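Let's have the full structure, built from the sequences with the hints guiding it.
The sequence shown: position 212 = 230 (the numbering used here), numbered continuously.
Source of the hints: derived by calculation from the structure; they are not laboratory data.
Heads up, some of the hints might be wrong.
Think about it this way: if two alpha-carbon atoms lie no more than 20 Å apart in a straight line, the pair counts; the simulated DMTMM-like pairs of lysine to aspartate or glutamate are [stated by the list, open to error]:
{"#": "1", "residue 1": "K144", "residue 2": "D341"}
{"#": "2", "residue 1": "K93", "residue 2": "D190"}
{"#": "3", "residue 1": "K325", "residue 2": "D299"}
{"#": "4", "residue 1": "K156", "residue 2": "D120"}
{"#": "5", "residue 1": "K260", "residue 2": "D228"}
{"#": "6", "residue 1": "K254", "residue 2": "E96"}
{"#": "7", "residue 1": "K374", "residue 2": "D341"}
{"#": "8", "residue 1": "K254", "residue 2": "D284"}
Label-pair distances were calculated between CB atoms; the ranges are [what the hints assert, rightly or not]:
{"#": "9", "residue 1": "G123", "residue 2": "G266", "range": "11 to 21 Å"}
{"#": "10", "residue 1": "I171", "residue 2": "G212", "range": "30 to 40 Å"}
{"#": "11", "residue 1": "D296", "residue 2": "S113", "range": "36 to 46 Å"}
{"#": "12", "residue 1": "V214", "residue 2": "E104", "range": "44 to 54 Å"}
{"#": "13", "residue 1": "R208", "residue 2": "E158", "range": "28 to 38 Å"}
{"#": "14", "residue 1": "E170", "residue 2": "D296", "range": "30 to 40 Å"}
All of these numbers come straight from a predicted model, not from anything done at the bench.
Glycine included, C-beta positions come from ideal geometry on N, C-alpha and C.
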Amino acid sequence: MIASKQSTTNRQHRATMKSKRSLSRRSIAMAIVLTSLPTPIHCFAPVSRPLSPRIASEPTTSSTSLHAIGVFVRKAKEADVRKYCEQGPPDSVLSLLKQIKDASGDDDASNDGAGESLQSLLTKRKGTITVIAEYKRKLEGDGYLSEILPPEILSPVFREFGAAAVAVLADDRTGGCSYDDVATMVEEQRDARGEVPGPLPVISSDLIVDEIQIAQAADAGAKAVTVTYGVVGAEKVAQFIKDAKALGLEAIVSVSSAEEAQGAVDAGASIVSVAGVDGADAKYGVIESLSVPEGRSVCTIANILAKDNKALEEVEEAWICRDRGFNCVWVSDALYKSGNDPVEHPGAIITSMKAKSSVKYASPKARSGKGEGAREYLGDILM
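Structure follows, in structure tokens:
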């Protein structure tokens with residue numbers, strides 16, 4: 019009887035072990051299959067991923083979904099602003115906020131900042147392009163860097179290599195920066211007074227949902243703020259442009275469609291930035307039919323999205339945008355793709371974007387060994 023029970027137990031044990039070995043073999047086989055798939059590794063991700071055939075045939079976005087995203091982002095930022103107000107803003111910010119409110123009923127009230135306007139600094143002769151270099155501590159996706167150098171280190175690099183302006187992504191959630199970083203960047207640029215090149219204007223790139231953020235930007239020393247049309251709508255865009263003007267600041271209105279671009283101009287925008295749109299052709303489509311009232315001029319900016327590779331296609335896109343008539347390019351994550359590589363550091367990328375080269379005659383792909391100019395280093399394309 020005891021032997022019979024022992025035999026039964028042994029059979030059960032062998033069956034269990036066999037099942038585990040089978041499961042283990044299937045797991046190993048599955049791992050081998052997965053690791054052998056020719057799927058690219060996306061390590062730097064401000065770009066859209068390939069879609070499945072079923073999804074690719076469907077619209078990737080809709081006005082409803084975009085509106086829903088805009089509402090969600092706006093409410094999150096409003097919560098941040100509300101918390102800031104509850105903690106008690108400094109007197110300097112409250113004083114600027116009062117200045118905005120005092121000027122709210124006067125359409126002609128303005129406090130023009132000293133020096134050349136940002137719009138004129140970004141708008142040069144036809145066939146050239148200016149560059150806005152954006153500073154941020156967080157890269158979209160995994161990125162190629164684990165740590166971005168502090169603003170006081172990169173600020174002179176942006177200036178010395180030819181940027182027309184510096185932007186700071188003053189949103190902790192998306193950029194890892196604050197208005198303190200804006201102030202730090204402003205202070206470093208001020209230290210270059212009397213030098214060549216001189217100080218650059220600093221742009222506070224935050225998701226503006228309340229006029230107190232404009233007061234914060236002015237208090238930090240910024241010369242301009244960004245307003246996102248798709249988040250706040252036409253009425254708020256017009257109001258924020260006036261609020262910025264009351265403090266001597268300029269407003270850059272970010273748009274992602276032809277309708278938004280025209281709405282921004284109708285609301286009084288003099289600087290329009292095409293953001294969240296991939297590819298030079300798609301960007302140009304946003305401003306192609308823009309109608310600007312007589313007597314006004316509008317500076318157009320192309321926001322260059324970083325690609326998921328190190329081929330430096332962003333430089334080529336900047337050249338194409340220039341040839342399509344854009345006045346300026348806004349570059350952010352792409353500046354940090356190669357770290358402090360001697361020939362592909364942020365300064366070299368800025369210099370190359372400003373170069374008079376064309377995709378017809380040269381390529382920015384450093385050391386690729388293919389195409390004319392391929393043996394040149396990126397920073398040497400200074401035609």
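The hints, checked one at a time:
no. : hint                    : verdict
1   : K144 x D341             : holds (9 Å)
2   : K93 x D190              : holds (15 Å)
3   : K325 x D299             : holds (16 Å)
4   : K156 x D120             : violated (37 Å)
5   : K260 x D228             : holds (13 Å)
6   : K254 x E96              : holds (14 Å)
7   : K374 x D341             : holds (10 Å)
8   : K254 x D284             : holds (13 Å)
9   : G123 x G266: 11 to 21 Å : holds (18 Å)
10  : I171 x G212: 30 to 40 Å : violated (21 Å)
11  : D296 x S113: 36 to 46 Å : holds (42 Å)
12  : V214 x E104: 44 to 54 Å : holds (46 Å)
13  : R208 x E158: 28 to 38 Å : holds (30 Å)
14  : E170 x D296: 30 to 40 Å : holds (32 Å)
Going down the numbered hints, you'll see the structure goes against 4 and 10, while the others check out.
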